[in-house]
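S.K.: As you go down the protein sequences, you meet chains R and Z in turn.
Note that the first sequence covers residues 46 to 710 in our numbering.
Note that the second sequence covers residues 46 to 710 in our numbering.
The set of hints was computed from the structure by calculation and includes no laboratory data.
Mixed in with the good hints, there may be bad ones.
[Said to hold, decoys possible] Cβ-Cβ distance ranges computed for the label pairs, FRET-style:
# : chain 1 : residue 1 : chain 2 : residue 2 : range
1 : Z       : A360      : R       : R675      : 33 to 41 Å
2 : R       : G626      : Z       : D605      : 31 to 39 Å
3 : Z       : K522      : R       : D695      : 17 to 25 Å
We put the CB at the ideal spot given by N, CA and C, even for glycine.
Protein chains: 2
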Amino acid sequence: MPAPGKVSHQMSFEAAVHAQAIDLDRLSLEMCASAGSGHPTTAMALGHIVTVLMFHTLRWSPEQPDYPTSDRLVLSAGHAVPVVYAAYARLGGMIGEDDARRPMTVDDLSSLREAGSVLEGHPNPMEGMPFFDAATGSLGQGLSVAAGLGEAARLDDNPRRIYCIIGDGESREGQIAEALDYIAERKLTNVLPIFSCNGWGQAARVSEQQSPEVLAKKLEAFGFTVRTIDGHKPAEIKAAFDAFVELDEDAAPMAVVAKTVKGWGATTALTGNWHGKPATGAALDAALAELEQRRVELTTSLVQTDRFTIRPPEAAPNKQITIKDAPSLSQMMRDMDMESVLHSGRFATRKAYGLALRALGHADERVVVLDADVSNSTFAETFAKDAALNPRFFECKIAEQNMVSVAAGLAAAGKIPFLSSFGKFLTRGYDQIEMAINSGANIKIVGSHVGVSLAADGPSQMALPDIAWFRAFTTMKDHRGEPGCYILQPADAYAAYGLTQVMAEHEGVCYMRTLRPEVEFLYSDDVVFNLGGFEVLSEGRDVLLVAAGYMVHEANKALDKLDREGISATLVDLYSLPFDGDALLDIAQRNNGYVISLEDNYGASIGSAVADVMTESGDSFTLKQMFVNRIPKSTHTPDEQMRMLGLTSDDITRSTMELLEVGVV
Amino acid sequence: MPAPGKVSHQMSFEAAVHAQAIDLDRLSLEMCASAGSGHPTTAMALGHIVTVLMFHTLRWSPEQPDYPTSDRLVLSAGHAVPVVYAAYARLGGMIGEDDARRPMTVDDLSSLREAGSVLEGHPNPMEGMPFFDAATGSLGQGLSVAAGLGEAARLDDNPRRIYCIIGDGESREGQIAEALDYIAERKLTNVLPIFSCNGWGQAARVSEQQSPEVLAKKLEAFGFTVRTIDGHKPAEIKAAFDAFVELDEDAAPMAVVAKTVKGWGATTALTGNWHGKPATGAALDAALAELEQRRVELTTSLVQTDRFTIRPPEAAPNKQITIKDAPSLSQMMRDMDMESVLHSGRFATRKAYGLALRALGHADERVVVLDADVSNSTFAETFAKDAALNPRFFECKIAEQNMVSVAAGLAAAGKIPFLSSFGKFLTRGYDQIEMAINSGANIKIVGSHVGVSLAADGPSQMALPDIAWFRAFTTMKDHRGEPGCYILQPADAYAAYGLTQVMAEHEGVCYMRTLRPEVEFLYSDDVVFNLGGFEVLSEGRDVLLVAAGYMVHEANKALDKLDREGISATLVDLYSLPFDGDALLDIAQRNNGYVISLEDNYGASIGSAVADVMTESGDSFTLKQMFVNRIPKSTHTPDEQMRMLGLTSDDITRSTMELLEVGVV
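Using the sequences and the accompanying hints, generate a full structural model.
M.R.: Right, dumping it as structure tokens:
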């Protein structure tokens with residue numbers, strides 16, 4: 046357990062908070078001036094709130110800011126981060142990578158936003174600031190992260206509390222409403238949303254829709270007990286936080302609406318285009334002088350770091366995680382009385398995903414599952430319906446942005462979250478997914494009903510540009526040196542089952558795509574699937590077909606037809622992006638450099654990934670990319686859909702013959 | 046003006062609505078059974094509401110459903126569409142492409158979801174259903190589209206009203222909260238949100254957070270006057286709609302919360318996994334029998350199509366749109382007293398975008414502009430600050446999803462909306478952008494602060510995988526046969542100004558990327574920029590550098606350095622995706638097939654687009670892709686950022702020498 050904080054009884058709490066807040070305000074102004082950018086006036090609106098939180102209310106230890114039972118602060122209004130850095134420096138909070146931590150000093154503040162500094166322009170735990178759980182700065186996401194941390198704490202019987210500071214402007218983001226609904230529905234009384242209403246957005250005043258009065262009314266309608274306070278009155282802030290700490294577990298969740306002043310204490314900092322342009326030179330001097338004047342009015346004291354008591358977190362239980370082996374898919378199906386399905390030789394990949402979740406849930410208690418009211422389509426319900434696992438299932442309803450960020454919060458608390466919805470609807474959470482990648486969140490994203498094999502429901506339910514987006518993250522490295530994301534596309538149930546396990550074992554973000562239709566088995570329990578791997582399903586010599594997911598089956602059908610035309614084709618199931626490019630090019634070269642890529646989504650996806658490795662090699666290849674090249678529409682069956690889009694085995698056969706100039710004029 | 050509808054006075058309104066609603070319910074059941082999929086029970090929850098709307102309240106004409114002053118129905122709960130198709134068939138609404146329209150019949154209903162049918166699984170105006178303005182089906186988007194239609198109507202002094210039906214489950218989507226804030230703030234009293242609370246989601250019951258009671262409370266807190274009604278009582282429905290029609294322009298906007306019953310009238314349709322699986326066979330027969338029983342209880346009449354009066358829309362004024370030529374950039378800058386900036390030789394592309402908006406605003410009254418509280422960063426404010434244009438500026442605050450769909454609504458009403466925010470934050474609206482593309486919406490999306498040249502604020506503000514996503518839409522065709530999207534990357538102010546004009550002239554979706562830093566002029570007023578074009582900035586013979594946006598300037602600096610190493614490089618500014626691949630490959634071949642692509646975003650983007658055309662050609666090329674291959678962090682300057690990421694002109698020079706094996710070991 047970390048050592049307790051410093052204690053003092055020499056002056057009134059009120060005066061101490063004012064003095065400390067003014068000190069943080071001053072440091073915020075100075076560090077932004079030094080950086081030449083940043084948002085000091087937003088920071089200054091939070092000087093008092095952050096002082097009460099970090100010097101008084103939070104149970105934490107600056108020496109071990111990520112201690113498991115530590116209270117957490119999620120700064121959703123990430124651009125206000127200078128004030129938190131200032132407090133952290135005063136308290137000597139630890140910074141740096143795990144193996145080279147040291148206490149932060151006030152001198153460090155002048156490195157704000159420098160290339161070599163841990164003081165990022167917006168919070169990021171992965172750049173050496175372990176006080177935070179998630180990268181913020183893209184607005185409106187923090188409250189969902191806080192909800193995820195709150196869920197994890199409740200699940201683990203961890204007494205920590207989660208405080209989240211949200212700007213009034215950002216509370217216009219719909220995700221905030223999603224998070225409020227989630228917190229209210231789940232009765233997360235360990236999470237405190239604190240709205241800082243300073244009345245100013247970037248381009249203009251904040252809308253009346255986000256005024257303290259309207260926000261308070263909305264929060265009450267959402268089911269919260271609301272305390273509206275003056276965000277610069279220490280006693281009011283303390284009373285609100287004390288009320289939260291004493292909140293009954295069965296009570297309605299609580300929220301604080303704080304009326305704050307942008308650039309509090311130094312209105313001269315507000316001249317000109319001041320939102321992202323800090324005062325420097327004479328303007329800085331004037332602002333500092335005005336702040337000093339406020340200090341003299343409010344307190345006779347200077348910096349008050351040693352006037353507060355910081356209570357350390359409770360000792361964390363020394364808990365061991367035991368991970369068991371999960372059964373094979375066929376064993377699992379037998380256990381679930383699905384013998385007849387097993388013998389049918391067909392099983393949807395989404396259903397295999399559900400079985401894998403259930404198996405993993407029993408094998409590793411860290412595995413948790415989230416879904417967005419479609420668990421009977423994604424088959425996350427296979428996990429949820431297991432009474433032993435159900436407490437680790439989080440129904441997020443139709444609110445995908447919140448789901449992604451809740452998962453990021455759960456991951457920050459050591460869980461391994463799998464989150465699923467239709468691949469199409471996950472698009473709602475792409476900004477949140479990117480922030481999760483930036484945060485180093487260990488989340489597993491599963492999009493179902495991808496491509497066009499959904500058919501009848503039409504394009505509003507089909508994931509078509511999803512590979513293109515996730516592929517950007519396969520081209521770069523995250524903070525661990527791993528690809529920012531792996532894209533996994535199981536073509537059969539064994540692959541889906543195996544890859545779900547592979548995702549759980551990998552630390553980092555993965556995106557797996559599952560299919561609606563029942564598809565034939567291609568593999569068995571014995572096949573090992575790897576991140577970065579692929580499978581050669583048929584070895585030929587004339588042309589290489591590269592497919593994934595549903596198109597592996599169309600390609601499989603084309604093999605026979607090609608054979609009848611005298612063409613010997615190789616078929617690769619490219620189930621992972623990124624993949625071993627050299628190995629694939631070797632195969633392509635053994636097929637005279639002729640390659641056809643097959644996918645039932647828009648282009649810029651698998652085919653482009655193959656084109657990338659080909660052109661990098663400098664060797665000569667010819668690649669014909671077959672993909673969905675128009676907006677699909679409803680058809681009754683997948684076969685009709687494939688015909689409409691020119692992606693049937695006949696189309697593949699014809700294109701291959703054209704490519705090889707066999708039997709065509 | 047369309048002819049007035051049919052009139053009758055033979056029976057009570059109440060009985061007529063029941064009879065008609067039951068008829069629609071029956072047709073919904075039957076068409077879904079025929080399709081083998083669909084959501085008849087959701088449709089049946091709306092039988093009465095749709096009857097009152099389409100047979101009584103809406104001022105419209107089935108013969109001319111897209112008449113300019115027609116009232117509109119936006120079906121946000123797109124999966125309920127069978128009930129609208131049923132009403133439309135009974136009324137003989139026109140279907141089909143513009144040049145081959147015909148009235149829809151009841152027989153057409155059996156073609157639901159067929160490949161050749163206009164009856165899509167979810168609404169889509171682009172597949173031959175002019176009753177709708179936007180494709181829906183990805184939930185939570187319709188109310189924003191309705192708000193856009195409402196804004197356009199108000200702007201045009203068009204008396205039409207917009208009705209929007211929203212499911213209770215989908216009202217959990219944060220975008221609904223964003224739309225409600227928008228409607229309340231903008232006092233759009235011509236838009237009526239109608240929440241259908243049937244209490245059932247897909248996987249489970251709808252949350253209590255979306256119960257009629259909580260929804261009503263929330264709506265009141267948002268500033269709406271709420272009428273809670275029984276959605277199956279004709280008199281209550283009619284009274285609510287009448288109240289809306291009579292609403293004073295200065296009143297608070299109104300909302301209806303309707304308590305509805307999923308599968309109303311035929312509870313037997315609700316057995317089993319019924320959300321997306323319609324009753325067939327005996328279950329269908331039982332449901333139809335139950336419905337018939339309800340009819341007998343409620344009315345002695347059968348189908349009531351001829352018992353209603355449909356009031357036609359007001360005659361639309363015959364308004365001519367005149368489009369003037371916009372001045373050149375340098376003319377515009379002189380007009381704006383920016384002569385000294387013009388002579389400085391540097392101007393940010395985002396600022397040129399602002400000037401172009403202002404010029405276009407005066408040239409074409411259809412041009413409207415939306416922004417998300419960052420108009421002083423995107424420079425959309427240059428439009429907003431012009432008093433003559435300000436009424437056509439829509440401040441959407443920090444709520445990007447709503448902004449995109451409002452723009453889609455404005456486009457559906459004939460406007461040419463430009464919408465801007467940071468490229469990073471637009472990610473929030475990707476699902477909405479895809480639905481806009483599916484809707485054929487003529488919107489222009491402008492993402493600012495793209496790539497890493499923003500530097501100090503760090504990755505939470507940088508657009509890095511955006512090209513990868515939009516590029517998927519450059520590979521396919523929309524309903525007009527155009528690329529689903531053009532990606533435009535101006536490298537200087539002239540290009541930004543010119544391409545903004547090009548976007549306005551093109552009918553379809555474009556995505557333009559603008560930069561934060563001031564960048565040097567490369568072009569002049571005389572250069573013509575084209576969709577699909579590129580510019581050769583320097584002609585060499587050894588290697589082709591392909592760059593866009595900020596990297597054109599780094600590449601430019603590398604040319605001299607390469608020259609000193611004896612390497613003659615060609616530089617292409619690839620400002621458009623898609624582009625003329627053959628023309629680019631010709632240039633590559635004249636440079637011995639050696640190509641380096643340069644971009645300051647993640648991979649799977651410009652370089653991949655080049656790789657695609659190379660590998661399709663079958664000729665031999667070597668492509669080295671340089672892009673951002675790690676998660677960026679804050680640095681003070683763009684130069685430091687480029688150094689950190691290995692993207693400076695020195696890095697380009699070194700990579701080129703390695704590629705050509707010049708001067709390296």
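S.K.: Run every hint past the structure and note whether it holds.
M.R.: Here's how the hints hold up against the structure:
no. : hint                        : in the structure
1   : A360/Z x R675/R: 33 to 41 Å : 38 Å, holds
2   : G626/R x D605/Z: 31 to 39 Å : 34 Å, holds
3   : K522/Z x D695/R: 17 to 25 Å : 22 Å, holds
Hint compliance for this structure: no hint is broken.
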